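Undergrad: Sequence:
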Amino acid sequence: MSDTTSIPKWMREEETYTPAGGRDGFLVKSMLRLMSVLVKMRAGGSIGDMGASAPVKVFYTLYLIVLIACSRNWFFSLTILAGFLVRLCFLPSKTLRRCFFTAFYAALFSLLLMVPAFFMGSPRAILNIFGKVFLSVGLIQMLSATTSWNRITESLRSFCVPDIFLFTLDITLKYIVLLGDICLGMLSALSLRSVGKNRSRTQSFAGVPGVAFLKSKEMGEEMYGAMVCRGFEGTYHRPRHFCFSLKRDVWYLLLVTFVTIWFIYLERAIV
14 MSDTTSIPKW MREEETYTPA GGRDGFLVKS MLRLMSVLVK MRAGGSIGDM
64 GASAPVKVFY TLYLIVLIAC SRNWFFSLTI LAGFLVRLCF LPSKTLRRCF
114 FTAFYAALFS LLLMVPAFFM GSPRAILNIF GKVFLSVGLI QMLSATTSWN
164 RITESLRSFC VPDIFLFTLD ITLKYIVLLG DICLGMLSAL SLRSVGKNRS
214 RTQSFAGVPG VAFLKSKEMG EEMYGAMVCR GFEGTYHRPR HFCFSLKRDV
264 WYLLLVTFVT IWFIYLERAI V
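Sequential numbering from 14 applies to the sequence shown in our numbering.
There could be a bad hint or two in this list.
Claimed, not checked - Here are the simulated DSSO-like pairs of lysine-lysine, each with C-alpha atoms no more than 27 Å apart in a straight line:
1. Lys187 / Lys107
2. Lys107 / Lys145
3. Lys187 / Lys230
4. Lys228 / Lys187
Derived by calculation from the structure, the hints in this document are not laboratory data. Here the structure is a predicted model, which means the values were calculated and not measured.
Could you put together the complete structure from these sequences and hints?
TA: Put into structure tokens, the structure is as follows:
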């Protein structure tokens, strides 16, 4: 008696299955956008810690923003704009585009908000706000691109910023990346399992924020338990030593001195 088993006929027939096309453009765009945000958050100083030390750069950036906001002379803003554009030329092309276009879009949004001022007889105020917003956002973007986030929070502690603010900022930045990874994994799983036209894809996509919320609550409880076990009191200690670099930091301090003198001279010229 033969032990061979014959294969059924229906298993030997070829079957061609062509799934119907589904509209997953919104899902794909959401995944790509989320990936780009995660890359930027992980980069947080995508070109490394360039230039002066972090406390000096933070002070220099915030000081320039305050002077730009208080300036009444348009020529002062033009001077800072020229220096800002020159500094952008020394950055990599991707970082340059991100800094420039982020500042430009923010300034364009402020320009749209100031459109009524044009009809009320203040067209010069529109250009003034546009330039100040562009410079302020551009300086913040440059600081973010050339300095890692942990260095920025560490430098803020040097300026006696409250611990609760630093704790909230630091934990928020870290958990945005972690929860973004979770959402990205769920979106990828949803895209791979949705073969053809899925009529309930919108409902599945709506469940992603709910799962992220539950996961964030679970991670928050675990973090609280870990902090209690380790005796963490929410105190951020200052750096033990601040190494002042004569080659790097002194140029920023000289530039701050020059900008201050130039600002005072132009403000007195108006009066």
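Undergrad: Tell me, in ascending order, the numbers of any earlier hints that this structure violates.
TA: none
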